[in-house]
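Take the given structure of chain A and dock chain B to it, following the hints.
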Amino acid sequence: MNIHSKSIFVAACFGLLAVFPLVAGNYGIDFVTKIMVYAIFALSLELLVGATGLVCFGQAAFFGIGAYATVLLSPQSDAPSIALLLPACVAVAAAYALVVGSLSLRTKGVYFIMVTLAFAQMAYYVVHDTPLGGGTDGIYLMMKPVWGSVLDLDKAASLYGFTLACLVLVFGGLAVLNRSRFGRALAGIRVNEQRMRATGFSTYPYKLAAFTVSGGIAGLAGFLFAVKDGFVNPEMMSWHLSGAVLIMIILGGIGHLRGALIGAFAFALLQELFKSEAIFGAFAKHWHLGLGLAIIASVVFLPSGLVGLPEQIKARLMGSKNRGAAQ
Amino acid sequence: MSTAPHTAPHSATPPSAHTSAREVLLRGKNITRRWGGLVALNQVNVELTRGQVHAVIGTNGAGKSTLINILSGEFPPSEGAVELMGQDVTQWQQPRRARAGLGRSYQRNTIYPSFTVLENCRLAAQATHQRAWLWWQSASACKVSTGIAADVVARSGLTDLQNLQAGLLSHGQKRQLEIAMCLATRPQVLLLDEPLAGMGAEETDRMLTLLNELKADHAILLVEHDMDAVFRIADRVTVMVNGSVIATDAPDAIKTNLQVQIAYLGEH
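Top to bottom, those sequences are chains A and B.
Under the numbering used here, the residues of the first sequence are numbered 1258 to 1584, in order.
Under the numbering used here, the residues of the second sequence are numbered 571 to 838, in order.
Careful, some of the hints might be misleading.
What the hints assert, rightly or not - With a straight-line cut-off of 25 Å between C-alpha atoms, the simulated SDA-like cross-links for lysine to any residue are:
id, chain 1, residue 1, chain 2, residue 2
1, A, Lys1412, A, Thr1387
2, A, Lys1263, B, Val714
3, A, Lys1291, A, Lys1365
4, A, Lys1578, A, Glu1568
5, A, Lys1263, B, Thr686
6, A, Lys1365, B, Gln677
7, B, Lys713, A, Gly1429
8, B, Lys744, A, Ser1338
9, A, Lys1263, B, Gly737
10, B, Lys744, B, Val714
Just so you know, these hints were derived from the structure itself, not from any lab.
In isolation and in its complexed conformation, chain A is listed as follows:
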């Protein structure tokens, strides 16, 4: 896929998302809002895994911290201002990412994966076992944020539009970043960090900056999720969610922004599919099994993820054409 095709594909996706509320009901709007939040979350991890080559297994911590900050920083009696609450939530998540990154980035490979998981589990147990996060029951967001009289996120359509705007901004921002000097340095680190150091790049600050930005974006997704559900609980920081977001980018195709987007949609749709009693009857109770098998199959048959599917089909067709010509 050349750059124009990619741009057209992404623009078409955003265009479809923009008109979707015109034809969808409340369930559809709520469902797609959730997927767009997951897409932002997946994009945050794509910056680490796809762009920088850092496999973080604790991304849910930043997501959860953004969500918890949304509730904890909101006043009880008044609707909080988006203009204040949103940057604050992103900043809190980014600050935690800065702390986690400054320590975990001193390790590599599997140690890095385990250290990020350990930090995420620490955050999980802080909200799970202390009154701060309301324990296993979680806590409610009493009033949804507003932006004066212009925007009220209590309305599903407004939240949908706001989430879509955030998604477009995050996607566009990361696209600019990937082409920037900073993004090229991250790509160099992903391919060969040793070479980058020999060239004169102190790679640690680059990786830490990427880690912090990634945490901030995950915090933004957490903010939107808390606002959508009006409720947060410790499961938002659990390793299951860190694993799920990793699966999203694997499913979509690591190393591609649109892969994160496609992966989030594919993951959520597969989840809904296997949960459907209309299709799977009593087996729908065991939807984890079906989803797991589907993911294993996709990794086996789509090694480049869903973004690689057109190329794979093209190669298959070319192969059969060439075989036909040879015979």
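Positioned in the frame of chain A, the structure of chain B alone reads:
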């Protein structure tokens, strides 16, 4: 034949008469590296001067690559010191040494295969031209890095291929690109680890021509197994065996050095 070779064990420092008139850019002094009980380098001295290619030869495991790794700052010596242009850089991290003018290439290709030839060089050039406040600026919009990259691509004879994806280059062209990326960081000293490995005769000639051109402005350390190439281009040759230097001298003197013949070249 010139003077008798310097054969004192553990010392590769050429007699001062050889270097006093030349500018010594990199000096390794009494470098020792131990890995547990194994002594990978033992009291090695080396001086690289501008305008010279200093070849380091030795069998596999002699310590050549370890020497390059220590000089470039990949890891520290157990003992000894490294001076770059008169400054003690032993405690400096590798990126700082690179920015101070020390470029190196690796045995294996370390190019970025998905980038074009020009992009590879531009990224390397960016290392000496890092601007944190311009993080968002498109890499291709940076005129300084692009200018340096275009210059080194031309100097390395890769201009016709500059828009080709680096992964599609031939092996020899990839090795040329390695050197071009080194040059893009504007180094004074080049540490080249087997740049001719796997090259055909024509590609070797091209690379030697390039190195000959480069030596006027640089001090070059060349680790290489291709003896014909070494004796064609080197001004000084150091021979290493088991982590120690057994001789350092002019190529002709090394050829006739009995100790070298026994230890490395084989007694005929």
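Cross-check of the supplied hints:
1. A:Lys1412 with A:Thr1387: violated, 32 Å
2. A:Lys1263 with B:Val714: Violated. Lys1263 (chain A) to Val714 (chain B) sits at ~30 Å, over the 25 Å cutoff.
3. A:Lys1291 with A:Lys1365: violated, 33 Å
4. A:Lys1578 with A:Glu1568: holds, 15 Å
5. A:Lys1263 with B:Thr686: holds, 19 Å
6. A:Lys1365 with B:Gln677: holds, 23 Å
7. B:Lys713 with A:Gly1429: holds, 24 Å
8. B:Lys744 with A:Ser1338: Not satisfied, since the Cα-Cα distance of roughly 56 Å exceeds 25 Å.
9. A:Lys1263 with B:Gly737: Distance of about 22 Å is within 25 Å: holds.
10. B:Lys744 with B:Val714: holds, 24 Å
Checked against the numbered hints above, the structure breaks hints 1, 2, 3, 8 and satisfies the rest.
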